[in-house]
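A.B. asks: One letter stands for each residue in the lines below.
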Amino acid sequence: MAATLLDGAAIARQVYSGLRQRIGSLRAGGVRPGLAALLIGDNPASRIYVRNKVHACSEVGVYSEVHPLAADCTEEEVLATVRRLNADSAIHGILVQLPLPAQLRPERVLQAIAPAKDVDGFNWLNLGAMIAGHPLLAPCTPLGVMAMLDHAGVAIEGRSAVVVGRSAIVGKPLAMMLIARGATVSVCHSKTVDLRQYTLMADILVIAVGRPGLVDGSMIKPGAVVIDVGINRMSSGKLAGDVDFASGSLIASKITPVPGGVGPMTVAMLIANTVTAAERSVGGG
Amino acid sequence: MSAKVIDGNAVARHVRSVWKTRVDVLKARGVTPGLAVIIVGDSPASRIYVRNKVKACGEVGLHSETHEFPANAAEPMIITRIEELNRNPKIHGILVQLPLPPQLETRRLLGAISIEKDVDGFHLYNVGGLVVGENNIFPPCTPYGVQCLLEYEKIPIEGQNVVVVGASNIVGKPMALMLMAKDATVSICHIKTRDLAQYTILADILIVAAGCPGLITAPMVKRGAVVIDVGINRLPNGTLAGDVDFAGVKDKASYITPVPGGVGPMTVTMLICNTVAAAERAVGRNAEKTPASA
Numbered sequence: 000m001a002a003t004l005l006d007g008a009a010i011a012r013q014v015y016s017g018l019r020q021r022i023g024s025l026r027a028g029g030v031r032p033g034l035a036a037l038l039i040g041d042n043p044a045s046r047i048y049v050r051n052k053v054h055a056c057s058e059v060g061v062y063s064e065v066h067p068l069a070a071d072c073t074e075e076e077v078l079a080t081v082r083r084l085n086a087d088s089a090i091h092g093i094l095v096q097l098p099l100p101a102q103l104r105p106e107r108v109l110q111a112i113a114p115a116k117d118v119d120g121f122n123w124l125n126l127g128a129m130i131a132g133h134p135l136l137a138p139c140t141p142l143g144v145m146a147m148l149d150h151a152g153v154a155i156e157g158r159s160a161v162v163v164g165r166s167a168i169v170g171k172p173l174a175m176m177l178i179a180r181g182a183t184v185s186v187c188h189s190k191t192v193d194l195r196q197y198t199l200m201a202d203i204l205v206i207a208v209g210r211p212g213l214v215d216g217s218m219i220k221p222g223a224v225v226i227d228v229g230i231n232r233m234s235s236g237k238l239a240g241d242v243d244f245a246s247g248s249l250i251a252s253k254i255t256p257v258p259g260g261v262g263p264m265t266v267a268m269l270i271a272n273t274v275t276a277a278e279r280s281v282g283g284g
Numbered sequence: 000m001s002a003k004v005i006d007g008n009a010v011a012r013h014v015r016s017v018w019k020t021r022v023d024v025l026k027a028r029g030v031t032p033g034l035a036v037i038i039v040g041d042s043p044a045s046r047i048y049v050r051n052k053v054k055a056c057g058e059v060g061l062h063s064e065t066h067e068f069p070a071n072a073a074e075p076m077i078i079t080r081i082e083e084l085n086r087n088p089k090i091h092g093i094l095v096q097l098p099l100p101p102q103l104e105t106r107r108l109l110g111a112i113s114i115e116k117d118v119d120g121f122h123l124y125n126v127g128g129l130v131v132g133e134n135n136i137f138p139p140c141t142p143y144g145v146q147c148l149l150e151y152e153k154i155p156i157e158g159q160n161v162v163v164v165g166a167s168n169i170v171g172k173p174m175a176l177m178l179m180a181k182d183a184t185v186s187i188c189h190i191k192t193r194d195l196a197q198y199t200i201l202a203d204i205l206i207v208a209a210g211c212p213g214l215i216t217a218p219m220v221k222r223g224a225v226v227i228d229v230g231i232n233r234l235p236n237g238t239l240a241g242d243v244d245f246a247g248v249k250d251k252a253s254y255i256t257p258v259p260g261g262v263g264p265m266t267v268t269m270l271i272c273n274t275v276a277a278a279e280r281a282v283g284r285n286a287e288k289t290p291a292s293a
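Residue numbers (numbering that gives the first Met the number 0), protein chains in the order written: chain F, 0 to 284; chain X, 0 to 293.
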């Protein structure tokens, strides 16, 4: 294997050690950062995600609480919980674990979160501030990707970046962050006619589609940095990304594994956003 | 073969006539869409822009009013006026003519406009809505105008390779997000792009908003491409020119917009569309799904 592995778990540990210092300063001033998670329904994957986030909070000294709501709860119940947490001074960050049961409109629920507590960065005000180039709280997965690139010393300005996947959570915000750093960015997706034509141009290739093996070594420019955001459960029970790792790692200069790549960074950025929100609430940051 | 030159004035007239019927429907229900324009200082260019907007309102039957402030106006005074206009039921759209004098914080003034009346689409909330792709927002007028030109000319967008040159907050970035939502593969190039031609030559639809006359020449354009020139530059000889070498590219493109008379007339038109849409929403009608050129 030619590529260097981008070890998300190791980079996340470094992020946490920086956060511990900031949390220490806050607590010395009598403020403990607090995160509230709404867990609606009983989706097993959502349970695991929330558990991981709660665990990360306790590791670094962030207070956390989980608000479970029944799968058949009404939108008004969810909004009432969000409003109560918006007003709760012990809570600096609020997240609603997605996906939501069908009777709830995600945009309605997400937009109810106070922008200053929107640690997932999905509020339109926060997305708009990010596009305008003065981000307050930005979405965690793209933040995690940027942090990994920076940690690995990857040059971004003037480089060709290709983002495969155009979700509102990953692809589009990440494209905006890469542009802000001076990359030339192409965004590909399911309607792209010739994906390979684009991926072969990429100095930085980020894939966030959710389709195992979508990109193999023959689609990667030699020496490219490859970030695999995909996380897919294979029929064997194993997890795999969107990149065929065996062939991709022969061509790339740096590549993320799945699991252990972007995943740990997403949680680390959630905690970082919570700490940032707490610092702002006391007039810092 | 020479490109079809897209006549922005003709498309703008068509769009305005379509929206005029929507204004008539509103008026029949007792509602006249109203636009308030805030102008600070006496920049001659700003005065011309505001005059054009007011004139366009009149043509389509909108109420408009101009709120003038001296160049040294204090921010709280203007914000107070914006808040009054936010509450005024006769006003459905509010815009602050940019640029503002240096003592005023643009972001704060734009942020004071109610998101339901933000017909320029510059409020961060409306900008952020472009990422999600919801259709109850106000798209910023220039990219909205470009999209409308493409739709009017029945140029397919889905699956097309689109290259946007220029990454401004007002044109390039929102344009890219809007065309992604229409299923185009979009590349965004800008001043830091190392090999611009490598990208432009891929483009089925090339949208140039860089403010750099002559930036795009024929060898950089794919044969048969649609070329939309958003640039408007005053040359030393006093004439206006876009970012595209029109004479050279015209023989290679399938469609091209002239400057002036291309995208320019559409920008004011889309402001009118957004104001009418704001009035429709205010009376509870849900008209977002109708394309502006329909």
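Certain hints may be false.
[As the list claims (entries may be wrong)] Here are the simulated distance ranges between beta carbons: (1) N232(X) <-> Q196(F): 55 to 65 Å; (2) P67(F) <-> R50(X): 57 to 67 Å; (3) H66(F) <-> A27(X): 29 to 39 Å; (4) A151(F) <-> I154(X): 38 to 48 Å.
[What the hints assert, rightly or not] Okay, derived cross-link-like pairs now, BS3-like style, lysine-lysine, Cα gap no bigger than 27 Å in a straight line: (5) K221(X) <-> K190(F); (6) K220(F) <-> K153(X); (7) K181(X) <-> K153(X); (8) K190(F) <-> K26(X).
It should be emphasised that the hints constitute simulated quantities derived from the structure, not laboratory data. In this text, all values refer to a predicted model and were calculated from it rather than measured experimentally. Think of the CB as a built atom: it goes at the ideal place given N, C-alpha and C, for glycine as much as any other residue.
A.B. asks: If a hint holds in the structure, say so; if it doesn't, say that too.
C.D. replies: Going through the hints against the structure:
Between N232(X) and Q196(F) the CB atoms are about 32 Å apart, so this pair departs from the stated range of 55 to 65 Å. At roughly 59 Å, the beta carbons of P67(F) and R50(X) sit within the given window of 57 to 67 Å. A beta carbon spacing of about 49 Å between H66(F) and A27(X) contradicts the range 29 to 39 Å that was offered as a hint. The supplied range of 38 to 48 Å is met by A151(F) and I154(X), whose beta-carbon atoms lie about 41 Å from each other.
Using a Cα cut-off of 27 Å, the hinted pair K221(X) and K190(F) holds, with the two alpha carbons roughly 20 Å apart. For the hint pairing K220(F) with K153(X), the CA-to-CA distance comes to about 36 Å; that exceeds 27 Å, so the pair is violated. Distance restraint check for K181(X) and K153(X): the Cα-Cα separation of roughly 13 Å lies within the 27 Å cut-off, and the hinted pair is therefore satisfied. With a C-alpha separation of about 42 Å, the suggested pairing of K190(F) with K26(X) is violated against the 27 Å cut-off.
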